[in-house]
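So the chains spell out like this:
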Amino acid sequence: MSAQAGAVAAVEETCGSPGLPDGAAVDSTAITDPVMEVKSLNAWYGSFQSLHNICMRVARQRVTALIGPSGCGKSTFIRCLNRMHEMAPGARAAGQVLLEGEDIYDPQVDPVAVRRAVGMVFQKPNPFPAYSIFENVAAGLTLARVGRRFYRSQLAEVVERSLRQAALWDEVKDRLRQPATTLSGGQQQRLCIARALAVEPKVLLMDEPAAALDPISTLKIEELILSLKEQRTIVIVTHNMQQAARIADYTAFMLMGELIEFGPTAQVFTTPRDKRCEDYITGRFG
Amino acid sequence: MDVDRLHRRRRRWKERLMTVLIYLSVLVALLPLFSILIYVAIKGIGALNWDFFVRLPGPVGDPHAGMANAIVGTLELLLVAAAVGLPIGILAGIYLAEFGGHGLFSNSVRFLADVLSGVPSIVIGIFAYALMVLPVKHFSGWSGGVALGIMMIPVVTRTTEELIRMVPRSLREAGLALGVPRWRVTVSIVLRTAAGGLTTGAMLALARVAGETAPLLFTAFGNRYWHRSLNEPVAALTLQIYQYAISAFEDWQRQAWGAAFVLIIMVLILNILARLGTRSKFSTQQE
Ligand SMILES: Nc1ncnc2c1ncn2[C@@H]1O[C@H](COP(=O)(O)OP(=O)(O)OP(=O)(O)O)[C@@H](O)[C@H]1O
Ligand SMILES: [Mg+2]
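Sequence lines, in order, name chains A and B. Residues in the first sequence are numbered from 1 upward in steps of one, following this note's numbering. Residues in the second sequence are numbered from 1 upward in steps of one, following this note's numbering.
Computed from the model, here is a short list of chain A residues facing chain B with C-beta under 10 Å:
id, residue
1, N82
2, R116
3, A117
4, V118
5, V121
6, K124
7, F128
8, P129
9, A130
10, T142
11, L143
12, A144
13, R195
14, A196
15, P201
Counterexamples of contact, computed for chain A against chain B with all Cβ distances above 10 Å:
id, residue
16, Y45
17, H52
18, L98
19, Y105
20, E160
21, A167
22, D274
Taking lysine to any residue and the SDA-like style, the derived pairs with C-alpha atoms no more than 25 Å apart in a straight line are:
id, chain 1, residue 1, chain 2, residue 2
23, A, K124, B, W183
24, A, K124, B, E162
25, A, K173, A, F134
26, A, K220, A, Q242
27, A, K202, B, L171
28, A, K124, A, T182
29, A, K124, B, R169
30, A, K202, A, E230
31, A, K202, B, P181
32, A, K124, A, E222
33, A, K39, A, G90
34, B, K43, B, I265
35, A, K124, B, L191
36, A, K173, B, L171
None of these hints come from the bench; they were simulated from the model. Beta carbons are placed, not taken as given, at the ideal position from N, Cα and C, and that holds for glycine.
Go ahead and model the full structure; you've got the sequences and the hints to work with.
If you want it as structure tokens, here you go:
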């Protein structure tokens with residue numbers, strides 16, 4: 001344990017230090033009012049380090065896309081943004097992640113409160129099978145706010161609003177009492193988005209939300225993301241370059257646990273500064 | 001061409017033969033089970049009448065003798081057993097599956113549970129006797145119920161652990177990511193998802209101890225009259241069967257068959273309830 005603590009101290013670097021070789025390509029200081037700011041974030045699974053000194057700002061009410069080859073640490077990274085990473089066995093993170101200026105890794109901070117402010121949608125739809133469609137969407141309110149009772153009408157309002165935001169309302173409004181597992185995969189994923197939206201998170205993390213979906217459902221989710229950013233900040237992992245180009249304002253390219261390139265999407269896709277990023281985007285990778 | 005046909009025909013014959021063999025083995029497996037059921041039913045139904053369910057045991061030859069006290073006693077003992085075995089077993093199972101991991105403590109608990117489920121039931125009876133009968137110097141329904149409850153603990157613990165482990169990780173993550181506290185995820189999401197299976201497990205564990213005799217011999221002890229409370233010796237169907245079956249009187253032996261039939265029906269009902277538990281409206285299966 002003490003040896004690991006030593007390792008943490010050893011790798012601790014500050015953002016924008018002259019020691020960083022690719023400082024220019026990952027500079028996100030142009031974002032002046034970030035909703036989140038990641039500073040020197042490192043993450044481990046056991047003794048395997050999966051994130052190396054990540055520094056990045058997340059722009060308010062914008063969509064930030066994370067791209068990179070499989071296994072480069074995209075999921076690990078966004079799971080660090082709402083303290084879900086540490087729930088994996090043997091997982092550990094070190095560094096700072098500021099949410100509205102407050103470090104979510106501060107020992108004083110309750111991870112449960114962090115997850116209420118930073119919601120998450122997973123790659124595979126994961127509705128609660130024992131719950132109805134209605135109960136699924138309301139779950140964040142009925143289960144999380146301990147000691148607070150909701151009136152049915154209040155809940156119904158939130159459920160309808162969230163389902164409308166997730167573009168699912170018309171398809172399910174007559175079957176809210178049915179089990180969530182009776183929905184199709186694409187509908188289940190939109191249900192999960194509605195469930196995440198119901199607690200009104202400031203930031204919504206999405207880990208390849210459309211990976212298991214057909215093109216039409218994918219399009220629906222993309223439209224949904226674009227409409228959501230009027231009120232919320234979105235960080236999305238995607239393997240689909242076109243998708244990143246279509247919906248993201250900023251794009252971050254990762255490789256082997258490092259952030260290689262960050263910038264406005266148009267710039268990253270047309271004039272990448274790092275050779276490895278260029279190769280990946282043009283498909284010449286590997 | 002011809003060889004091909006021959007091959008095909010031989011394959012068809014082999015397949016038929018195998019199918020017949022499989023059906024035969026199913027029959028052979030079911031035969032003992034059905035013969036027991038039918039034999040007990042034939043022997044038992046004759047002894048059953050209204051009096052059997054509403055009257056107390058009587059002297060040999062009494063046509064109005066019954067086993068009302070044993071039927072009620074068995075139900076009460078099972079209730080006590082459930083009150084002891086289910087909470088302890090389920091909580092221990094939750095601990096092992098959700099919080100314990102595979103540390104020394106958890107693995108010891110698992111090992112002990114496995115050992116405990118192999119301990120002969122009469123030994124559990126002696127334990128309950130030493131613990132609850134000797135100090136107060138009289139037999140009691142409480143001690144019998146507790147003995148049965150202890151027998152349930154390891155089964156319920158291990159079943160609960162298995163069932164909870166079957167709940168996909170992704171559901172826990174979904175709950176946690178919504179900002180639901182860990183304990184609430186366990187109670188409202190994990191347990192609720194596994195609820196159908198847990199009901200089944202509980203019923204099967206109850207059904208298993210319902211037929212136990214040995215742990216009751218020197219705890220509940222048996223009683224020919226109504227017990228006024230569980231603080232007294234309590235009649236149980238199994239004890240009554242034991243006592244009547246080895247008696248010399250044909251009349252009592254007949255009643256033993258009747259009691260055996262009633263006991264089997266009770267266990268059957270528990271098993272059916274268990275099946276209903278898994279077939280709930282919201283299936284526990286996902287993916
Ligand atoms: N639970 C875990 N235990 C150990 N190592 C893990 C675990 N999860 C991920 N890793 C490792 O961490 C590294 C980063 O994984 P991560 O899941 O973040 O990649 P990713 O970029 O999301 O990949 P993909 O695009 O395939 O989803 C990989 O090398 C992976 O093998
Ligand atoms: Mg991933």
